[in-house]
Amino acid sequence: MEFFRSPNVDWLGWKWYFLAFSLIFSVAGVTSMVWHWEHPVGGLRSPVPLGVDFRGGTQVEVQFPGPPDITRIRQATVAAGIRDANIVNYSVPGRYEVLISLPEEHQESSLDLGRQQIESALSAQFGSAFDPRRDIRNVAVVGPTVGRQLEKQAGLATLYSMAGMLVYLWFRFQLIYGVAAVVACFHDTLITVGFFALTGQEISLTVIAAILTLVGYSMNDTIVVFDRIRENLRLNRKETLPDVVNRSINQTLSRTVLTSGLTFLTVLSLYLFGGRVLHGFSFALVVGILIGTYSSIAIASPMLVAWQQWRVSRGKTAPLPAAKRARV
Amino acid sequence: MKKDLKKKIALIVAVLVIFIYGIFGIPSGLSGDALKEALTKRIHLGLDLQGGAHLIYQVVVSEAVNDETNNVVAEIRQNLKNANLSGQALKPDPKTPQVIQVTGVTPAQASSVRSMLDDKYSNQYDLTGGGADGTFTLTMKPVYVRTIEQRTVQQAIETVGDRVNSLGVSEPTIQQYGLGDNQILVELPGISDLDRVKSLLSETARLEIHAVVGGPYNSQQDAMQAQGGSIPPEEMIVTGSGNLVSGSESESYYVVQRLAVVSGTDFRSADPGVDQNGRRDVRFTLTNEAGDKFYDYTSKNVGRAMAVLMGGRVREVANIQSAIRDSGEIVGSFTPDEVMILSKLLRTGALPASLVPLEDRTVGASLGADSIREGVTAAIVGVLVVMIFMLIYYRGSGINADLALILNLVILLGFMGFASATLTLPGIAGVILTIGMGVDSNVLIFERIREEIRAGKSASAAVDQGFAHAWITIVDTHVTTIVSAAILFIFGTGPVKGFAVTLTFGLLANLFTAVFVSRVIFDAHLNKMRTGQMVSI
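Chains as they are written, first to last, in the working numbering: chain A, 1 to 328; chain B, 1 to 537.
So here's chain A without its partners, still in its complex pose:
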């Protein structure tokens, strides 16, 4: 069985459409981020909705035997003097769950207060039907210090990761290959994070893990194409660069689509069956793998050509370096 038998597509002829497509998604994502920035939740400015890991505060997940009565839960929290409680119903038939979140507690000495308040409020409202030890499934109380530390670390980790990629590709290919791959990778990250902003999903620690994984994984397809470009440049020095790039993309198209497709299938299985805890994580991977595959064809490779054309226009006719001799 074969999906693609010797395809012959002029990928570079599509570059303006690709650019438009990427721009639409990037601009939509950035616009949404600006909107989130302008509408801070609980006095906390951020371009994306932040999960409790970063935002700080208290989050209690409670299960109910039947469909939960949100009004009663709200009454209970108000009666207990809890202001600004955010109550979200996550119930699906057969499992009834409610997530109660409180904004960041500024007094770290009373870190635990929110949880105790929620517990006693629910006990007062539902009496013996509510047993904290049985029905509270998950509690996260994060002080402001930890949240800020994590935020800083997540940003640093993403930057280091991209820098690592740049250095590795520089070492294995040439600087321009590294730059093109990292730009494509940044494009993937931006659009993936943009999707979180657009859909209003919260960024948690595991989402950051998914994004870092994407930084590494979206390189894979790009490397496969670059490897082939380099090989073809060495084999045939007469062909023009756009032709080489087109031919390389076509030659590797089958494996690019298959490798991403297979990883996508496993990630999709994770998204569908992996449960709510991993929802954000698998969502990031689902979006990121699609965008990552697209960008290795539509962003990274055209960038190589654009760079060479720019150099030619400046009067430097040196062709794209075929990079160091591969140790084949």
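These are calculated hints, taken from the structure and not from any lab test. Treat the hints loosely; a few may be bogus.
[Unchecked claim] Chain B stretches covered by chain A per the calculated footprint, using a threshold of three residues with CB under 8 angstroms from any CB of chain A:
hint, segment
1, 229–235
2, 357–370
3, 466–480
4, 483–489
5, 494–500
Computed from a prediction, not measured in an experiment: that's the story for all the values here. Glycine included, every Cβ here is placed at the ideal spot set by N, Cα and C.
Assemble chain B onto chain A, guided by the hints.
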């Protein structure tokens, strides 16, 4: 050639056996339950899968620095007094606990004071001043501050560890957390009812006995007035609930010596008990050294009052009846719980500084069980979909890829068993991703083989070329993913670290299975083929 192949197959079987042992150990039987038990013994489940509490505390290290300089202030005073030198040692600002000042030194004695301070403290302190205003400033060297901070965090970890052990929690984790921010991480598997545990963990329980200068007074002003309008730096005002002495509910104020006669680390043991009047008390024993000091003090001060302070509040005030050496009892306004906790705390030693809670996560056991079920379902579905796809798309070679994939999973899980790594929910996600990314290597190789076959090469040449060309690409793609996983491991915490670990192990194992094992299977197959026959791909 054939002999070489046999050796390679033997190696693969050996690896398979070793890593299956890594997963299960030697199970007690081959029934499902026995295997499951053997599995959970080898591979530890993270807190997010088995339920439990995850706590992060900030160690307030400045308190330890403060204690250290307090002792030095007392020492300097003693030294000045012994040498008949003028000057007063004090701490100018509570916000900078590392700074000590010696003020009011007469110009004539400035050089003697300087040489005394220089002699004794220049190793740990920077000495400045000594000019016309008669003031010397000692600032603790940053290196020494850091030493104290590190020591304090280590002591806090040991103490918290002792306290956790006294609770009988199995397999707790207590370790330094973060990147040098003096934080500690406490993980208690299986604990979801936190209230009592937490008060036990972070209670400073700085039990101290101070000499009482005066009191009780009804207010701070009264206390100040009784002491002539101001409190000298070596004394302090403390409060305690009024009913200790007077039986009234209002607060009482005492003036006590700032330096404790006996403090936290001087206690060797403590047990709850009942005194002859039926009141709850705590019986304590002091260390030998502290006992001598206490004997010295009590024998000189018979008839004077001592105050027992816990957590900075007066819990009991008693007159010294006679000299006490190394054991005594504290009768105070304690509840039964307090007596229990106090004695437990004294037995496990005092914390060198307070702990401030920063983060607190609890996962209920039911959520953990759900997560395991969902994670395993997603993994099984993922594996099946990928394996079936490979069989359909690559036919005979699909079997090859599927065998390599299974071996990849066995090695990954076996590795985790050997390393007693912790499997978290994101870790399961890492296993699932390994399946998807692992099979990528097979795709890269197979596609290249197909290409070579199309170019007209023979079966064995096509396989040969396919592996040779794909190898470099595979290394490149693995390096980039492992680099980002490594960065994730360095920066990540808890469950996310588990993800980085499984992904890295999985991809490393994949280099072996997708390249070496898959090649051996091809070679074995090619050997059996007639000349001119094609591989099924």
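> What hints, given by number in increasing order, does this structure fail?
Replying inline: 1
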